[in-house]
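2 protein chains.
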Amino acid sequence: MPRDGGPARLRLQQAGLDLYQERGYDQVTAAEIAARAGVTERTFYRHFADKREVLFDGENVLRDALTAALADTPEALAPLPALLRSFRAVVPLLEDNRTFSEPRQRVIDATPALREREQAKTVALAETLAAALRDRGVPEPAASLAARTGITAFGHAVTAWLLDPALRLDPLLRQTFEDLRTLTAPLAATGEVSRGAGSRLPR
Amino acid sequence: MPRDGGPARLRLQQAGLDLYQERGYDQVTAAEIAARAGVTERTFYRHFADKREVLFDGENVLRDALTAALADTPEALAPLPALLRSFRAVVPLLEDNRTFSEPRQRVIDATPALREREQAKTVALAETLAAALRDRGVPEPAASLAARTGITAFGHAVTAWLLDPALRLDPLLRQTFEDLRTLTAPLAATGEVSRGAGSRLPR
Numbered sequence: 001m002p003r004d005g006g007p008a009r010l011r012l013q014q015a016g017l018d019l020y021q022e023r024g025y026d027q028v029t030a031a032e033i034a035a036r037a038g039v040t041e042r043t044f045y046r047h048f049a050d051k052r053e054v055l056f057d058g059e060n061v062l063r064d065a066l067t068a069a070l071a072d073t074p075e076a077l078a079p080l081p082a083l084l085r086s087f088r089a090v091v092p093l094l095e096d097n098r099t100f101s102e103p104r105q106r107v108i109d110a111t112p113a114l115r116e117r118e119q120a121k122t123v124a125l126a127e128t129l130a131a132a133l134r135d136r137g138v139p140e141p142a143a144s145l146a147a148r149t150g151i152t153a154f155g156h157a158v159t160a161w162l163l164d165p166a167l168r169l170d171p172l173l174r175q176t177f178e179d180l181r182t183l184t185a186p187l188a189a190t191g192e193v194s195r196g197a198g199s200r201l202p203r
Numbered sequence: 001m002p003r004d005g006g007p008a009r010l011r012l013q014q015a016g017l018d019l020y021q022e023r024g025y026d027q028v029t030a031a032e033i034a035a036r037a038g039v040t041e042r043t044f045y046r047h048f049a050d051k052r053e054v055l056f057d058g059e060n061v062l063r064d065a066l067t068a069a070l071a072d073t074p075e076a077l078a079p080l081p082a083l084l085r086s087f088r089a090v091v092p093l094l095e096d097n098r099t100f101s102e103p104r105q106r107v108i109d110a111t112p113a114l115r116e117r118e119q120a121k122t123v124a125l126a127e128t129l130a131a132a133l134r135d136r137g138v139p140e141p142a143a144s145l146a147a148r149t150g151i152t153a154f155g156h157a158v159t160a161w162l163l164d165p166a167l168r169l170d171p172l173l174r175q176t177f178e179d180l181r182t183l184t185a186p187l188a189a190t191g192e193v194s195r196g197a198g199s200r201l202p203r
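Quick mapping for you: the protein sequence lines, in order, are chains D and W. The opening residue of the first sequence carries number 1 in the numbering used here; numbering runs sequentially from there. The opening residue of the second sequence carries number 1 in the numbering used here; numbering runs sequentially from there.
By construction, these hints were calculated from the structure, which means they are not laboratory data. Owing to the predicted nature of the structure, the values given are computational and were not obtained by experimental measurement. No false leads were mixed into what you were given.
Pairs count within a copy or across copies, as identical chains cannot be separated in the list.
The calculated lysine to aspartate or glutamate pairs, modelled on DMTMM-like cross-linking and capped at a C-alpha distance of 25 Å, are:
id, residue 1, residue 2
1, K121, E59
2, K51, D64
3, K51, E102
4, K51, D18
5, K121, D64
6, K121, E95
Bound conformation, chain D alone:
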């Protein structure tokens, strides 16, 4: 995730990440992060509500960049193609921040409390994108289902990209959405879905 803010805020984030990697998240206090960053504990709490937030600051940057990108896509574009275009638009932001995101993801994966926080942020991001789709005129339940499905595919691509330095994010995103379409296509042929009545969704 991208980072945000002035020098003290950025130093606190790097100091937190470094300490979490060195000792494990549970063994580190906000005071120690502040000391490593060369600021007071009071300054730490001016920037972050708690030591978890040091790793989640960039979620707001990502959310704002995604909603701005979505607002820039033509209204005629269907929901998932519009989301894919928005995810592709934030690739440079994610790439610029890879040296921070990669170790950050390892710390999160190793810490149950952080994994729960990350999942909650992902759900919140899906809700934000669903609201943005409704603002474009996409009705429910299409807006929520598209936003959740899109975020699922986006998360899948970003996770694979962070795990393998040889992968490039933009082609991986396009491939993941293509895979999504390939996976859902057989739903039409199995008789498992309702036939004849058509879909409630605009095509």
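Using the hints, position chain W against chain D.
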């Protein structure tokens, strides 16, 4: 979610849910749940690790029922149709438990710590289903992407069903998977996905 276990365990779950509804989750202790259920606090902790788990016992029942249903679907069925069939197989289990699940969902929705727990359980369920798909011979990344997408659609349908007593779950599940296919179909036509190279996924 379905419930599990003998009389004391079931009484503890109902007592917990009742107290959470009456006072709010944060205001209730394990000792109070035990007293309401007519058992000792020691008995409470023999059944549940903490007061959160009173609401999440049924997740294991659901997971086991889903993996058993998936094992029963023909191997030739593609991943998402196989998942849809498995979700449809557990509809009676979910319907039988609706009088518990509906107030349970309201308590969870009102309590951030419970929402995070629920999301973590959902992620774990997706991982279990991805492993079951791999056991059927579905390669990665198809197995994980299908499991996550399927759980997303399943959760979407179950949430809508719990919110509206007029809805029936089985047609809603089928409709949601049909909607998923309808939403992904335009990905082929927009030029947003990689063309020509085809998909990495088996069709």
